[in-house]
Structure formats: structure tokens, C-alpha cells
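Put together the whole structure using the sequences plus the hints.
Number of protein chains: 2
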Amino acid sequence: METTITSLIEELSKYLETAQITQNETLLEQHSKDESYHAPHKPLAVIFPKDTTDVQHITRCCSQFKVPIYPFGVGTSLEGHVIPNQPGISVDFSLMNNIVEINPEDLIVRVQPGVTRTQLEKELKKYGLFFPVDPGADATLGGMAATNASGTLTVKYGTMRDNVRTMEVVLANGTTIQTGTKAAKSSSGYHLNGLFVGSEGTLGCITELTLKVFGIPEHIAAGRATFPTVHQAIEAVVSVLQAGIPIARMEIVDEDSILQVNQYSELDLSIEPTLFIEFHGNKSGLAEDMAFTEQLFSDFDCTNITFESDTAARNQLWEARHNLAYAYVHGYKGRKMMITDVCLPISYLADAISHARLMLDIYGLPGGITGHVGDGNFHIVLMFDPHDEQEIQFAQELNEKVVAYALERGGTCTGEHGVGTGKKKYQQQEHGEALTVMRQLKQALDPDQIMNPNKIF
Amino acid sequence: METTITSLIEELSKYLETAQITQNETLLEQHSKDESYHAPHKPLAVIFPKDTTDVQHITRCCSQFKVPIYPFGVGTSLEGHVIPNQPGISVDFSLMNNIVEINPEDLIVRVQPGVTRTQLEKELKKYGLFFPVDPGADATLGGMAATNASGTLTVKYGTMRDNVRTMEVVLANGTTIQTGTKAAKSSSGYHLNGLFVGSEGTLGCITELTLKVFGIPEHIAAGRATFPTVHQAIEAVVSVLQAGIPIARMEIVDEDSILQVNQYSELDLSIEPTLFIEFHGNKSGLAEDMAFTEQLFSDFDCTNITFESDTAARNQLWEARHNLAYAYVHGYKGRKMMITDVCLPISYLADAISHARLMLDIYGLPGGITGHVGDGNFHIVLMFDPHDEQEIQFAQELNEKVVAYALERGGTCTGEHGVGTGKKKYQQQEHGEALTVMRQLKQALDPDQIMNPNKIF
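If you read the sequences in order, they're chains U and W.
Heads up: the first sequence runs through residues 1 to 457, numbered per UniProt numbering.
Heads up: the second sequence runs through residues 1 to 457, numbered per UniProt numbering.
Bear in mind the hints are in silico, worked out from the structure with no lab data behind them.
Mixed in with the good hints there might be a few duds.
Claimed, not checked - Here are the computed distance ranges between Cβ atoms for each label pair:
#: 1; chain 1: W; residue 1: K333; chain 2: U; residue 2: I216; range: 48 to 54 Å
#: 2; chain 1: W; residue 1: N173; chain 2: U; residue 2: P447; range: 47 to 53 Å
#: 3; chain 1: W; residue 1: V100; chain 2: U; residue 2: M1; range: 52 to 58 Å
#: 4; chain 1: U; residue 1: T118; chain 2: W; residue 2: Y15; range: 34 to 40 Å
#: 5; chain 1: W; residue 1: Q396; chain 2: U; residue 2: M1; range: 54 to 60 Å
#: 6; chain 1: U; residue 1: D361; chain 2: W; residue 2: T118; range: 35 to 41 Å
#: 7; chain 1: W; residue 1: D351; chain 2: U; residue 2: D299; range: 51 to 57 Å
#: 8; chain 1: U; residue 1: K283; chain 2: W; residue 2: P447; range: 57 to 63 Å
#: 9; chain 1: U; residue 1: Q396; chain 2: W; residue 2: T118; range: 30 to 36 Å
#: 10; chain 1: U; residue 1: E105; chain 2: W; residue 2: K122; range: 50 to 56 Å
Here the structure is a predicted model, which is why all the values come from computation and not from measurement.
Ideal Cβ positions, reconstructed from N, Cα and C, are used throughout, including at glycine.
Rendered as C-alpha cells:
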């Protein structure tokens with residue numbers, strides 16, 4: 001492999017500048033891991049493309065030398081997506097971070113894959129626009145598309161797949177394609193856009209994204225509602241969904257997580273299971289939606305409900321929610337974080353969360369439950385001691401039990417984090433014969449297995 | 001081929017009842033065509049599967065004898081999808097028409113592919129639910145998924161692809177897969193669901209669909225607004241979209257089409273470019289949305305706007321819109337209908353429709369413009385004399401010019417009808433290198449080209 005990488009770098013040097021190719025130890029180290037508990041592996045080199053042409057050269061050269069490519073955004077993955085677990089190169093998109101076009105008339109933007117979520121948000125605000133996919137981390141848009149990320153606003157605005165209109169993708173053989181058009185809908189040919197979003201870099205490198213954006217809603221009201229039990233809170237969520245109230249956000253944070261949030265964000269929230277909710281719309285419509293929600297919540301013994309329509313107060317409320325994972329990392333120094341990520345039909349959600357809490361208690365691991373319960377998606381944030389073999393074992397067993405519970409009820413092992421290496425072992429059970437079809441598609445588009453190999457499959 | 005079909009029928013007879021296999025001339029004739037102008041071709045036989053196992057036997061036998069399969073719902077396609085343009089068998093799903101499960105708690109239903117839109121609607125009404133994809137025709141859900149159908153409600157509720165949660169599909173080799181899960185979202189593996197919806201029977205036969213359903217909105221208000229010109233009407237549409245008003249339906253019907261509607265539905269609507277609109281929500285929210293819309297419309301010289309919240313009046317309004325294509329067929333007896341179907345970024349929509357009207361006038365063909373303008377999708381319904389070579393030529397040229405106009409502006413050649421055979425010639429221009437990728441996927445999953453061959457590609 002050492003002579004191969006030398007020849008590859010020699011070949012790449014014909015097309016790229018010296019500064020775009022590095023084997024610096026610090027950089028290799030930085031590209032060896034993500035934000036999760038997965039074991040790091042250093043790449044042989046890190047390459048920084050500046051444009052699509054560079055990416056074409058990189059894929060052609062890597063194809064020629066059969067060296068794997070591991071695309072890298074900012075490394076906020078939670079399932080090991082960016083880790084080079086076979087000898088290969090890391091392709092870092094941080095130099096491709098231009099917002100190419102903001103088109104308020106068509107409500108679309110074009111961005112390079114290295115643009116981060118908050119970078120885009122800041123720019124869109126100037127136009128009265130926003131992009132509605134908000135995972136906790138300040139991930140790149142390329143990474144978010146690769147994993148079909150979602151977040152707190154997904155219950156109203158959808159996932160990345162729903163908000164990517166088309167992408168430019170460089171395939172393993174160096175060919176560049178557009179996965180869709182700029183039209184709002186199409187019945188023309190196979191839906192490559194849906195296939196490439198969520199394909200985790202295993203079918204090609206995303207080099208540009210055209211995204212849907214939305215006008216910042218005229219009126220926003222956010223609120224917090226507390227309940228005696230998580231079970232009652234979730235039943236309240238289900239009743240709101242069934243009533244068809246167009247909720248924009250609906251998040252559960254359990255007692256343990258409220259405790260972490262209070263400590264990390266210096267807040268004084270009541271230590272009870274809490275729903276964080278938000279409504280978008282016109283003034284009178286919101287008032288009626290809030291009143292109806294309050295009425296439904298009272299059927300489930302809601303202990304307190306407060307609304308904030310002031311922007312600063314709302315932002316503080318959601319910042320607390322978004323910082324939850326970091327609150328745990330901060331609160332349990334020396335421990336590693338594992339985040340489960342199942343998603344189920346909503347009728348099973350309350351019981352699934354009770355089961356998850358029970359598992360946490362049985363295994364005696366510190367952690368709490370949070371999630372985008374409007375979608376049926378919840379997370380256990382659990383903190384384990386990476387030097388304690390039994391705790392590692394327990395954490396893994398717990399994850400397996402939570403996943404098994406979801407799969408037995410028609411759910412999925414990952415609602416938004418993706419498969420990477422962490423969820424590979426559940427793919428056969430979840431997909432059955434469909435996994436064979438996925439392998440056939442991978443084989444058709446990447447016969448030499450150079451695009452992020454050994455991920456998903 | 002004659003001996004092959006005899007052997008195939010002999011083999012199929014081992015698994016199916018005699019009545020499920022027919023070579024009756026009337027039935028062959030009935031399965032030779034769709035509702036459009038495309039030339040009919042009779043199948044060698046028509047097979048009526050009763051369940052998934054039957055479909056597995058059919059695909060295995062057809063694979064063995066390399067006889068093409070042409071899936072058939074009720075034949076409402078407009079682009080020749082169901083036409084056996086190579087010698088093969090038509091597989092008619094009309095016996096697989098059970099609504100398997102209605103699950104109001106999870107807001108999903110399971111149906112067999114032969115269930116029609118109005119059959120489902122009738123049943124869902126009993127539960128206070130509705131399914132939001134409403135093409136004009138009373139198509140089967142299987143056919144609607146195959147073409148990624150959409151309709152008047154798509155601007156709010158999305159296309160078939162957005163509303164199919166998972167499907168059971170029998171592949172060319174007889175393997176049966178589930179394309180997704182029952183969870184509201186997933187980042188697990190490739191998005192096969194999005195790939196199979198809209199694949200027009202070229203990758204497999206749909207044998208069951210799990211669909212999202214919605215509670216019938218608490219309040220619905222529908223209205224009609226007239227404008228001096230189509231251009232102003234479309235500019236009014238764009239302003240409503242940009243203002244983020246959550247419109248549920250937004251349809252244009254031009255003067256010529258209003259004339260047809262009046263005649264066919266015995267109405268007396270003012271002969272002006274008209275927007276048919278609808279709002280779903282709570283009472284006070286609707287009032288505010290309607291007032292804001294009225295205000296925006298007045299900026300574009302709206303001549304009259306009326307709202308109906310009475311159910312019967314609303315139904316009459318939308319029935320008139322839904323019957324538009326039939327109104328043309330009725331109004332121009334002896335002529336054939338061609339419906340164009342482009343979709344563009346909304347900023348180009350007003351000019352695209354002006355261009356379309358100009359083309360109709362230049363070629364001197366009778367017809368009008370209508371469409372789901374909230375999505376940027378519009379149709380020319382044009383009526384040509386099938387015995388007049390020059391009119392046929394003109395109709396085709398017109399279609400080509402309208403498609404070229406859309407493709408040059410980042411649009412698509414088909415917003416909702418699909419490719420079939422009618423839009424094959426535009427695929428290279430629309431998709432470029434991506435078409436090669438589509439071919440590779442087809443080759444991977446149907447190497448013997450037995451699933452609806454020669455469609456899309």
C-alpha cells in the first residue's frame with residue numbers, strides 16, 4: 001500500500017497544488033475519527049479539493065490505483081461514516097464552502113458541500129429565508145445530505161431528502177451527474193436524487209447541492225409543556241398528530257436530560273418530562289392551534305405549559321435543546337457518548353420509550369432520553385466508561401435491544417444518523433432481501449468498491 | 001413467439017386457475033392501450049394475479065421464458081406505460097383490490113395495487129381520513145405509485161413518492177422485497193422506496209403499498225379568483241408561494257378550458273383566466289390566510305374572488321376542475337387528446353405559459369391550459385385530428401417546443417404523467433450522464449429486460 005499511495009500522490013500532484021495534499025500527522029489524526037465512540041483509523045493522506053474538477057481528478061486517480069476514498073465534512077457523524085477503516089485517503093471538502101447562489105424567487109439555493117448549516121443560516125437570514133433541516137451539530141450540508149440528516153423541524157418540513165432538489169455528484173469512475181432538476185416535482189426517470197441522498201458517500205462524492213428554502217414564518221410561538229411521566233407526554237404528542245395540528249417542532253426531553261441541560265446552559269427548568277414545541281403560521285391561526293394543543297395536553301395531565309413568542313427567549317429555549325448532547329459530554333467528563341437512534345410508527349412510541357428507560361435502568365448506565373417524537377424518532381444519550389469492558393458491553397447490548405424492539409414493530413434502526421459502521425449489523429434484519437438489491441446497486445455504480453467501502457454493507 | 005407463449009401459459013397453468021389466464025380478443029384489445037394518443041399493441045395474453053404468490057409465479061415463469069411483463073392497473077396512463085409494444089403479457093391487478101388495513105392511530109393504510117383512488121377515498125371517509133394524491137383519473141394506487149402521480153393537493157401534501165411509506169415489490173427474478181419501513185423517516189440503507197416509486201414497472205411489480213393518510217381538515221375553504229390575463233394569475237400564484245401562505249390547492253384554468261368546463265359540467269363560470277384555490281386549517285387561521293391572499297391577488301388586478309366553505313359547493317367546484325380532460329374529449333368528439341406535462345422553477349412559470357399559449361395559436365390547434373401551478377406544473381390539453389397527418393405533426397412539434405422551453409430553464413419534461421414511451425426522446429437531454437446511471441440500475445435489477453421493457457429508456 002505504501003508504494004501505491006506514493007504513486008497516487010505523485011499522480012494527483014499533476015492536477016492539484018501541493019498544499020491540497022497532506023500526510024501531516026495532526027491532520028491524519030483529525031481525519032481518523034468522528035464525534036462518536038467508534039474506533040479511529042488514520043487515512044494514508046488527506047486531500048482538499050477546491051472544485052468539481054479536482055474531485056473528478058481525485059476519483060479517477062483513486063479508481064486507477066484502486067485506493068478507497070473517504071469523504072469528510074466536519075466529522076460530526078455519530079456512526080463512523082468518515083472513518084477510513086481500510087487504507088485509503090480522506091477527501092476533505094472544507095475548501096469547497098461557497099454559497100453559490102441564493103434564489104429567493106424560486107425559493108432555492110445552490111451550495112458547495114463544505115458549507116455548514118450555521119454558515120447557510122446566517123446568509124439566508126439576510127433574505128428573510130431559512131433552511132429547515134437542523135441536526136444538533138453544525139454539520140456540512142454535504143454530510144447532512146449523505147446521511148439524510150433531519151432534526152427538530154422535520155415533523156413539519158421533512159428530512160434532507162425532502163429538501164434537496166438536485167445534487168451534482170462525481171461517481172467512482174469520475175463521471176459527473178445531476179441527480180434531479182430545479183423543478184418542484186418530476187416523474188421523469190428514476191429518482192436518483194432520493195437514492196444518492198442518504199447513500200453515505202458509498203455511490204459518489206457530492207460536489208454541489210440545490211436546496212429548498214423557506215420564508216421565515218410570519219409568526220412563531222414556542223413552548224414548553226411538562227408532564228408527570230414520559231409516557232403521558234408521548235400520548236399527548238400522538239393526540240396532537242392525530243388531530244392534524246400543523247406542529248413545527250415537537251421534542252421530548254426526559255428528567256435526566258433536563259438536569260444536564262440545566263447544568264450546561266445554566267437554566268432552572270423544572271425537572272420533569274418536558275415537551276419542547278413550536279408553531280409556525282399566521283397570528284390568529286397560531287392562537288387557535290396553541291389553545292387546541294393546550295386542551296389536548298390537559299387530557300394527559302400536563303402539569304404546566306408556557307409559550308414564548310419573543311425571539312430571544314425562543315432561541316434560548318431551542319439552544320438548550322440543541323446543546324443536549326454536548327451537555328451530556330460536559331456533564332460526564334472522561335466517559336464516551338453513544339446515541340441510539342430508532343424511529344417507529346407513532347402508536348408504539350410511548351411503549352418504546354418506556355422500554356428504553358427500563359433498559360437504561362437495568363444496565364445501570366448514566367443517560368437520558370430525548371428525541372424528535374413528532375416523527376416517532378428518539379435517542380438514548382448514554383455515557384459509558386471506555387476503559388470499562390463491562391460498560392462497553394452493556395452499552396452495546398442496550399443499543400441492540402432498543403433496535404430489536406423497533407425492528408419488531410416495523411420501525412428502523414436509524415431515523416437520522418445513518419448506518420456508517422455502527423448500524424451495519426442490523427441491515428439484514430431490517431431490510432431482508434432488499435439488502436441484496438442495495439448491494440446490486442452499489443456493485444453497479446462502484447464495482448471496485450472505492451467509494452467509502454465497508455460502510456452500510 | 002407463438003410456441004413460447006403456449007409454453008408459458010402451460011407453465012403458468014400449474015400455479016394459476018384457468019380463469020386467471022385469458023387470450024380473449026376483447027380483453028387483449030382492452031389491454032392494448034391507455035387513455036392517450038399512443039398507438040395500441042395487443043398483449044399475447046392477459047393474466048390476473050390474485051395475490052403476491054401469483055405474481056411471484058408469473059415473474060419466475062416469464063423470466064424462464066424471457067417473455068416481457070406489462071403491469072396494468074385501469075389503463076389511465078397518458079404516456080403509453082401499459083402498452084405491450086413488444087410481444088409479451090399484460091398483468092392486470094384488478095383482482096388484487098383489497099384495502100388490507102386502515103390504521104388511524106399511525107395514520108397509515110395498507111392496500112393492494114389494484115385499489116383505485118375513489119375506492120380508497122370512500123373507505124377512508126368512514127374514519128375521518130383522506131389520501132391526498134388526486135390525479136384527475138380514477139387510477140389505481142399501484143399505477144399512481146408506478147408513475148409518481150400527483151395532483152391538485154400536491155402543493156401542500158406532496159406527490160405519491162412523498163406519501164408511499166413502503167411497498168412490497170416482486171422483482172424480475174421473483175424475489176419479493178419491502179422498499180421501506182413503517183417509520184415516518186429513516187436513514188437506514190439506500191432509499192429503495194424513492195427509487196421504485198416512479199420506476200414505471202421497469203424494476204418490478206408492486207404487490208402492496210403502505211400509504212400515509214391524513215385527518216380530514218377541520219376547516220376547508222375553496223375559492224375561485226379571476227384575472228385579466230393568465231400571466232397576472234401566475235404572478236399572483238408566485239406571490240402567494242413566496243409569502244409562505246400554506247395553500248392546499250392552487251390551479252390555473254384558462255379561458256378556453258373554462259368554456260369546456262361550462263359546457264361539460266353545465267356551469268356558468270365567467271370566461272376569464274381563473275385560479276381555483278383551497279385552504280386547509282383552523283377557522284381563524286383560514287380567515288387570515290384568505291384575507292392575505294385576497295390582498296396579494298388584488299396587486300395583480302384580480303377581477304373577482306369568491307370563497308365556498310359549504311361542502312357541496314366545494315365538491316362541485318373541484319369536480320369541474322377534475323373533469324377538465326374529459327370535458328375536452330367530450331367537447332371535441334372524433335379528435336384525440338394530447339396532454340403536455342412540463343414543470344419548471346416557479347420564476348419561469350408565467351413566461352412558460354405565455355409561450356405555450358403562443359405555440360397553440362401558431363399551430364392553430366384547439367386546446368387550453370390548466371395545471372397545478374403551485375408546483376410549477378402545467379398542462380396543455382390539445383385536441384388533434386388523428387386522421388390529419390399535419391395536425392399530428394403539429395401536435396408533436398408543439399409538445400417538443402414546450403418541453404425544450406422547460407428543459408432549457410432547469411425544468412422537467414414530465415411533472416406527474418411519467419415517461420412511458422411518450423417522453424423517452426427527452427430523457428437524454430434532461431438527464432445527460434445520469435441517464436447512463438439509470439440504465440445501469442435497470443441492468444442490475446432486470447438483466448433480461450422483462451419488466452415493462454422499452455419504457456423510460
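Hint by hint, here is what the structure shows:
1. For K333(W) and I216(U), the Cβ-Cβ distance of about 53 Å falls inside the hinted range of 48 to 54 Å, so the restraint holds.
2. Under the hint 47 to 53 Å, the C-beta atoms of N173(W) and P447(U), about 20 Å apart, miss the expected range.
3. Distance hint check: the CB atoms of V100(W) and M1(U) are about 54 Å apart, consistent with the given range 52 to 58 Å.
4. Hint check: T118(U) to Y15(W), Cβ distance near 59 Å, so the stated range 34 to 40 Å is violated.
5. Here the CB-CB span from Q396(W) to M1(U) is close to 58 Å, well matched to the stated 54 to 60 Å.
6. The hint said 35 to 41 Å for the Cβ distance between D361(U) and T118(W), and at roughly 51 Å that hint is violated.
7. Checked against the hint of 51 to 57 Å, the pair D351(W) and D299(U) passes, with Cβ atoms roughly 52 Å apart.
8. At roughly 59 Å, the beta-carbon separation of K283(U) and P447(W) lies within the given 57 to 63 Å, and the hint holds.
9. Restraint check, Q396(U) to T118(W): a C-beta distance of roughly 51 Å breaks the suggested window 30 to 36 Å.
10. For the hinted restraint 50 to 56 Å between E105(U) and K122(W), the CB-CB distance of approximately 41 Å leaves it violated.
Checked against the numbered hints listed earlier, the structure breaks hints 2, 4, 6, 9, 10; every other hint is satisfied.
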